[in-house]
Amino acid sequence: MSVNAWIVVADQPGVGNLITVARSLGGPVGAVVAGPRPVAETVASSGVDKVVWCHAPDDVPPEASAQAVADTVAADPPRVVLAGRNPAERVLLGAAAARLKAAVLTGARSVSLDGDSTTVVNAVFGDIADETVAVSGPVALLLDGGSVPPAAGPGAPIEEITAAPLGMKVIETRTHGFEEVDLNAAPRVIGVGRGLAAKEDLALIEELAHVLEAEIACSRPVAEGLNWMGKDRYIGSSGAHITPQLYLAIGISGQLQHMVGVTGAETIVGINADPNAAIFSQTDYGLVGDLYQLVPAITAALR
Amino acid sequence: MDFELTDEQQLIRDAVREFAETEVTPIAAELDRDHRFPYELLPKLAEMNLMGMPYPEKEGGAGADYVSYVIAIEEISRACASTGIIVSAHTSLATWPIFKFGTEAQKDQYLQDMASGRRLGAFALTEPGAGTDAGAGTATATLRADGYALNGSKMFITNAPFADVYVVFAKTDPERGARGMSAFIVEKDTPGFSVGEAEHKLGIRGSSTPPIYFADCRIGKEALLGGEGDGFKIAMQTLDGGRIGVSAQALGIAQAALDAAIAYAKERVQFGKPIATLQAIQWMIADMALEVDAARLLVYRAASCVDNGRPYSTEGAMAKLFASETATRVAGKAIQIHGGYGYTESYPVERNYRDAKITELYEGTSEVQRMVIARSALR
Amino acid sequence: MRIVVAYKWTCDPEEATVRADGTVDWSRAKPGLSAYDPVAIELARQFADAAGAELIGVTAGGKGVAAPIAAKAALGRGLDRVVIVEDGSLADAGRSELAAVLAEVIRHVGDVDLVVTGDSSVDVAAKMVPTVLAGELGWPAVAEVTSITGQAGALRVERAIPGGVQVLEISGPAVLAAAADAAAPRVPGMKELLAAAKKPVELLDLTALKVPSQNAVMTVTGRARPERKVRKGQLIDTADPAAAAAELVTALRAAGTL
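Protein chains in written order, with this note's numbering: chain A, -14 to 288; chain B, 1445 to 1823; chain C, 9 to 266.
Chain A with its partners taken away, still in its complex shape:
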């Protein structure tokens, strides 16, 4: 069986979207997994045709299997190789792409095979434009992985390989105590920006989030420079892209790098003290004013 599409998986089993895309191309779908065995098993029973599991010691990170992944994919070269947007998957996909000397595209809105050519509609430059790209030769695609795929019939066989991993070892893991979140699953999201003066003021936002039944997310400076929330809450060009029913941007200026993460939201509301803020050309409802007055007022109005 000659694989048409390879899916590259590390230690996150959220590959439902990758499987859907791979299957849509027709032809056999293979998955190479460099992570714990249970991940390989989840993938094996999700509707792929073959699974190769890189068995590495427990204290070795998935990235260490990059060359083994590249070997596996090169041994059965595909039209397309796919991976989800996570740091370890990007490393594994990069190794496969380098070995195949494949084209790499990371903004695919759609993929189709047209004879010998693969056609990708690719969002470029912070999603300001779309390019239709015809690729002759192998293509590596970075996509949203999607959710954990449900079991779909009897599982594919798992071929186990033990390849010498690259010299990397995990020597310590520390947790930061930020609660993890899946922004993609939230129908309502509140985004917090630098308009919020102090970390303590998050309490105001939390109250609103509670009555609105919304998740809290943020712009890049808040997640990183200020470190008020975990980085999984950062929405932007290299962060989360979400499509909630309601996105409430509070104290966010509306720069391209952030807004690209929420252009698909059903309804966008913006609150900012600066009437010149870019956010106001991208909202359905805009409130120019002091968030410290407006947020409690909205919380009260919702009760």
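Note that these hints are calculated values from the structure, not bench results.
Possibly wrong hints are sitting among the right ones.
What the hints assert, rightly or not - Where chain A lies over chain C, by a calculated footprint (3+ residues, C-beta under 8 Å):
| hint | stretch |
| --- | --- |
| 1 | 10 to 24 |
| 2 | 100 to 112 |
| 3 | 123 to 131 |
| 4 | 195 to 203 |
| 5 | 238 to 250 |
Said to hold, decoys possible - 25 Å max Cα-Cα, derived DSS-like pairs, lysine-lysine:
| hint | chain 1 | residue 1 | chain 2 | residue 2 |
| --- | --- | --- | --- | --- |
| 6 | B | K1544 | B | K1632 |
| 7 | B | K1717 | C | K38 |
| 8 | B | K1551 | B | K1632 |
| 9 | A | K86 | C | K218 |
| 10 | B | K1551 | C | K199 |
| 11 | C | K71 | C | K207 |
| 12 | C | K206 | B | K1502 |
| 13 | B | K1717 | C | K240 |
| 14 | B | K1710 | C | K38 |
| 15 | C | K218 | C | K71 |
Claimed, not checked - Negatives, chain A to chain C, calculated, CB over 12 Å:
| hint | residue |
| --- | --- |
| 16 | R22 |
| 17 | D34 |
| 18 | E48 |
| 19 | A60 |
Each residue gets a CB set at the ideal place from its N, CA and C atoms; glycine is no exception.
Position chains B and C relative to chain A; hints supplied.
The following block gives chains B and C in isolation, referenced to the frame of chain A:
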């Protein structure tokens, strides 16, 4: 004739702008509101080598050209006019006379520290009765066995009381008028030297400009800068350069006001369209943009004369006169464009307007600049 | 020890506009160091200072990347020297092509113990060049790196993972992509900027590098401006916060959002 900035000048502009946006802009409104001297910026400015830019590296400076220095003052002033004058007065008024007229011993003692920003300087010429008529100062420096005794008062002294080193002008020979004036280097905490109450001003409120007093303040002979009787000449030459710094400050203020007016005009919707689509506003912006650009050319030209070793007295006067009057005009028009909002503290243009006016007054009033230009034109 | 930072000189899409036909107009954009590269240079500089290593910048791209101002901008941020490949054919290069060129440049530099890159480029933001580069070199790669210590052959790397931080030990040369907040880049001081002009700049010819060709050829066959949801753009008067809140909630309920 190349009107483009060199690579270094562009990179310096970008770096100072980045520094100003990160460190200065966030506190500018607060400095103004609270009349607060930005003491915490001094080590940061020093670390960026912004406190002695035009002085050679071996003297502690950055070894930058004068155009780069002027660009730095412009960018800092664009964020905060008070911080701009703190740096300019320190660099051009206080450090320069020591660099130009100091003995080796004086330069050893002060120049490294001042050009590197470790010690802050101030320039003390103006007196209650001697502003434009600087030669009419009544502060005296009486020769004693072991040095001089300073007596008198100075006012509007930028950077006092935070400065460590003061270049003070006083008459060693009051009978000879301006020719009897001498310059001295006086350190803070010298007995007999005290600083008065803070001056509350219309603008540049973050700049500290109190009066200072000398009551039998004893300084050594080694404190004399230049020769006895050289003081007036030293002061005038220092101001020739200082006014280029002020012209850069004015340019920065004007640019800030222009940027704000343009942003507002694009966003403010009246009668269903942004006001930037209205010809009245477009023509105001056109005039403002033209004047700011013309001011920039004059300021950079004056700085370029310094770099090329050419005379710069008239060119500096032209730059200072034009840039200062431009700043006031442009800031006024910027408020006009903002309408009522421009009159409130929520928008920065009212501060630009208040800050602009001083540039027409200090380091030589506009009348003095006109005197200098007329003298040159009528030669 | 030798550390390389791969940086990019390019324009920010924030300054670009998209025409109705989907083509991008970059004419108003001014190129600069890609936004997160100063973070990578700062992180690498701190490690280089601690380890006594040489810090070399490398870049490859289209016309302009070898301009003196581009080299000085990178050098002014703390590099000891730079090696640059400028070639018109690289202006529209794909990620793999760029990575392959960078791999050859790094082989040319020789004896490299570590490559550090930024989190992503400001314009393409693919996050793939560092990983494909590692694949080309056959080296381990790690992304979201927040700390680098240790020495050549025994690097100690901290990287962000969901929920915390993981510490890795890497025994050979590696490619590390710095997290966007791994270090606070210092603004270059005046002396640093002026000294940049004196630092060595090596220009390499692309053809002479003999970069092996890619197996895939990409051709752009169409361009379009993405369909953006047209937003209502309704502004709610906020003079009375309670009234504004009521108006907002009413509007959202009426629209079925709440």
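These are the hints, each one checked on the structure:
no.	hint	result
1	10 to 24	holds (count 3)
2	100 to 112	holds (count 5)
3	123 to 131	holds (count 3)
4	195 to 203	violated (count 0)
5	238 to 250	holds (count 9)
6	K1544(B) with K1632(B)	holds (22 Å)
7	K1717(B) with K38(C)	violated (29 Å)
8	K1551(B) with K1632(B)	holds (17 Å)
9	K86(A) with K218(C)	holds (15 Å)
10	K1551(B) with K199(C)	holds (21 Å)
11	K71(C) with K207(C)	holds (21 Å)
12	K206(C) with K1502(B)	holds (17 Å)
13	K1717(B) with K240(C)	holds (16 Å)
14	K1710(B) with K38(C)	holds (22 Å)
15	K218(C) with K71(C)	holds (19 Å)
16	R22	holds (20 Å)
17	D34	holds (23 Å)
18	E48	violated (6 Å)
19	A60	holds (15 Å)
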